[in-house]
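Chemist: If you're matching positions, the sequence shown starts at 1 in UniProt numbering and goes up one per residue.
There may be inaccurate statements among the hints.
The calculated SDA-like cross-link candidates involving lysine to any residue, where the alpha carbons are at most 20 Å apart (straight line), are [stated by the list, open to error]:
hint, residue 1, residue 2
1, Lys-219, Tyr-244
2, Lys-86, Lys-228
3, Lys-218, Thr-191
4, Lys-60, Gly-96
5, Lys-91, Asp-110
6, Lys-218, Glu-239
7, Lys-256, Thr-76
8, Lys-228, Gly-259
9, Lys-126, Gly-105
10, Lys-144, Asp-110
11, Lys-122, Phe-155
Hints in this document: simulated from the structure, not taken from any laboratory.
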Amino acid sequence: MRKTKKRKISTRIKFIVIGSALAMFVCTVTVFYIVLGNYDGLGLRQNIDENPYDMSYVYKKDGFLHYDDGTYQSVTGIDVSVYQKKVNWKKVKAAGVDFVIIRLGYRGYDEDGDLALDSKFKDHLKGAKEAGLDVGVYFFSQAKTTDEAIREARFVVRHIRGKGITYPVVFDMEPIDGADRITDLNAEEKTQIADAFCQVIDRNGYTPMIYGNPQWLKKHVNLEYLTKYDTWLAHYADETDYPYAFKMWQYSHTGKVNGIKGRVDLNMYFIESQ
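All chains, please: the whole structure from these sequences, using the hints.
Modeler: Written out as structure tokens, the structure is:
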């Protein structure tokens, strides 16, 4: 009788172990699939919303531009990368900065196009979070295909999952002087690449956003296929006449903020007034 009982207990333990292993495998595969994502192609073409802001409501205070028209108001932010080597994040917060967009990484613009993490990303993320800032990230893309864009998005998700990212995850593609990795891409190809990146980011529960200056947004991508994503406008001026809707505005690349040595990009994030 004792031997039979031991055998039954042993069998039960084997089933528990096997069941647990299968459950872990299923969870791992599910998470892996979500991170990988896939590209469904461009959706329907939509009309682009117009710029809803009245530039007469922009004002300057404490070294930053602000906006409040009663319907929309701005939140103050900066964006940083390896070029801001030492940052005293407590001083940055005390200076009036509410959020930061950190460069997570980039793809090289040579033929190999290797993916790399910004060497200051982890330090910036840790310091900004400890200081109580909201954090988003951007990735500098040189993807030539939608498959490469998906790999970039996977790379981003792997490094932000569980890190408390509350602001957008931004796709940043720009031409590089003297480099030709994306030079031959047409507007449709660039639009598909941006869409592929943003689809994966969205499916992983983050807010995708597309960065660009007015020329890039008007001529290098077709925003009529990207209306489901917010725009981060780069236009260095006290006022912008960009005609289409945008959620965030990078209005200076020569800002001075207490706690940061050297220049830094300044931004406004637009929210509905409470």
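Chemist: Taking the hints in turn, state whether each one holds.
Modeler: These are the hints, each one checked on the structure:
1. Lys-219 to Tyr-244: holds (13 Å)
2. Lys-86 to Lys-228: violated (36 Å)
3. Lys-218 to Thr-191: holds (11 Å)
4. Lys-60 to Gly-96: Within the cut-off at roughly 13 Å; holds.
5. Lys-91 to Asp-110: violated (38 Å)
6. Lys-218 to Glu-239: holds (18 Å)
7. Lys-256 to Thr-76: The given pair, whose Cα atoms are some 13 Å apart, holds under the 20 Å limit.
8. Lys-228 to Gly-259: violated (36 Å)
9. Lys-126 to Gly-105: With a Cα-Cα distance of about 16 Å, the restraint between Lys-126 and Gly-105 holds, given a limit of 20 Å.
10. Lys-144 to Asp-110: holds (11 Å)
11. Lys-122 to Phe-155: holds (14 Å)
When each numbered hint is compared with the structure, violations occur for hints 2, 5, 8.
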